[in-house]
Amino acid sequence: MPERASAIIIRKKTAHDESLYIDTLLESGKFQPFKIPGVLKSNKRSAFFFSPGSLFDVIYTPRENGIVIPKSTELLFSPFAVSQDYALLNFVAEILKAIEMLMGVSASEDLFLLVKESLSLVANNYHDEKIVNNFYWRLLEFLGLQGEYDSTKKNAAYDLYDGFLSAEDASERIKKDSLITIEWVFSSMDLNSSYSAPTDSAEVREKIRRFLKAG
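Residue numbers (numbering that gives the first Met the number 0): 0 to 214.
The set of hints was computed from the structure by calculation and includes no laboratory data. All of these numbers come straight from a predicted model, not from anything done at the bench. Honestly, I wouldn't trust all of these hints.
Mimicking DSBU-like on lysine-lysine, the simulated pairs with C-alpha atoms at most 35 Å apart in a straight line are [to be verified]:
1) Lys70 with Lys152
2) Lys206 with Lys153
3) Lys174 with Lys153
4) Lys11 with Lys153
5) Lys70 with Lys34
6) Lys153 with Lys40
7) Lys34 with Lys12
Now the in silico label distances, taken between C-beta atoms and shown as ranges [unchecked claim]:
8) Glu202 with Asp109: 26 to 34 Å
9) Phe47 with Lys174: 23 to 31 Å
10) Gly37 with Ser170: 22 to 30 Å
11) Asp168 with Glu202: 30 to 38 Å
12) Ile66 with Glu147: 46 to 54 Å
13) Arg3 with Asp168: 46 to 54 Å
14) Glu147 with Ser170: 37 to 45 Å
15) Gly28 with Ala80: 48 to 56 Å
16) Lys40 with Arg62: 41 to 49 Å
17) Leu39 with Leu112: 47 to 55 Å
18) Leu39 with Ser195: 14 to 22 Å
19) Glu202 with Pro1: 30 to 38 Å
20) Pro32 with Ser192: 54 to 62 Å
Ideal Cβ positions, reconstructed from N, Cα and C, are used throughout, including at glycine.
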């Protein structure tokens with residue numbers, strides 16, 4: 000029986016028959032692949048509307064496993080509707096890269112809402128790197144991987160495995176691959192904070208992606 004759902008496109012690839020294969024995150028939290036037949040040669044539909052990061056209303060008949068051809072798709076939101084600025088393209092890609100690493104695990108509606116909100120924010124404020132940092136910090140929280148913050152302690156650094164560290168604990172770490180500056184954490188916790196995004200923000204996000212990939 001056909002179902003209706005909202006879906007965010009996580010990634011896409013072209014097929015030899017000028018169709019598109021898209022991997023999506025449904026509002027239920029399920030990852031669902033779709034095939035959009037012949038869209039690359041269509042005069043009525045543009046492949047641009049199937050860009051990763053776009054939000055669609057989809058009507059489809061679910062299958063146990065495998066790719067589904069939807070009965071209909073309607074574009075609800077594209078982060079690139081107003082601008083295709085390089086910073087925006089890069090930030091959307093970084094949000095989706097992190098979600099790609101979760102495609103083999105169970106998700107939830109909360110993950111869909113987090114991605115949807117972050118894509119909307121970055122589309123309207125694509126020069127504010129704090130939005131992407133905040134998404135990564137909240138993603139760690141969603142996955143249960145975020146360390147507990149104690150404001151009574153003097154925190155000097157953050158370790159992706161062990162959480163908040165004192166200056167002494169941080170200096171004793173031989174491996175620094177999982178260490179994150181405390182400035183990045185404080186600026187990422189709250190979008191309304193007075194902290195600016197640190198210059199090492201891109202490097203920190205890459206560390207988090209490596210951490211997620213390592214499982």
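Checked hints:
1. The suggested pairing of Lys70 with Lys152 is violated, with an alpha-carbon distance near 56 Å, which exceeds 35 Å.
2. Between the alpha carbons of Lys206 and Lys153 the distance comes to roughly 23 Å, so the proposed pair stays at or under 35 Å and holds.
3. At roughly 21 Å between alpha-carbon atoms, Lys174 and Lys153 fall within 35 Å of each other, so this suggested pair holds.
4. Pair hint Lys11 plus Lys153 does not hold up; C-alpha atoms about 45 Å apart against a cutoff of 35 Å.
5. Only pairs whose Cα atoms come within 35 Å are accepted, and Lys70 paired with Lys34 is accepted, the gap being roughly 11 Å.
6. Straight-line distance between C-alpha atoms of Lys153 and Lys40 comes to about 60 Å, which puts the hinted pair past the 35 Å bound.
7. For the proposed pair Lys34 and Lys12, the alpha carbon gap of about 10 Å is at most 35 Å, so the pair holds.
8. A hinted range of 26 to 34 Å for the beta carbons of Glu202 and Asp109 is consistent with their spacing of about 27 Å.
9. Between Phe47 and Lys174 the beta carbon distance is about 44 Å. The supplied range of 23 to 31 Å is therefore violated.
10. For Gly37 and Ser170, the Cβ-Cβ distance of about 60 Å falls outside the hinted range of 22 to 30 Å, so the restraint is violated.
11. Between Asp168 and Glu202 the C-beta distance comes to about 21 Å, which lies outside the given range of 30 to 38 Å.
12. Under the hint 46 to 54 Å, the C-beta atoms of Ile66 and Glu147, about 41 Å apart, miss the expected range.
13. The hint said 46 to 54 Å for the Cβ distance between Arg3 and Asp168, and at roughly 51 Å that hint holds.
14. A hinted range of 37 to 45 Å for the beta carbons of Glu147 and Ser170 is inconsistent with their spacing of about 22 Å.
15. A C-beta distance of roughly 25 Å is found between Gly28 and Ala80, which places it outside the suggested range of 48 to 56 Å.
16. Checked against the hint of 41 to 49 Å, the C-beta distance between Lys40 and Arg62 comes to roughly 26 Å, which is inconsistent with it.
17. In this structure, Leu39 and Leu112 break the distance hint of 47 to 55 Å, their C-beta atoms being roughly 31 Å apart.
18. A C-beta distance of roughly 42 Å is found between Leu39 and Ser195, which places it outside the suggested range of 14 to 22 Å.
19. For Glu202 and Pro1, the Cβ-Cβ distance of about 46 Å falls outside the hinted range of 30 to 38 Å, so the restraint is violated.
20. Hint check: Pro32 to Ser192, Cβ distance near 38 Å, so the stated range 54 to 62 Å is violated.
Hint compliance for this structure: hints 1, 4, 6, 9, 10, 11, 12, 14, 15, 16, 17, 18, 19 and 20 are not met, and every other hint is.
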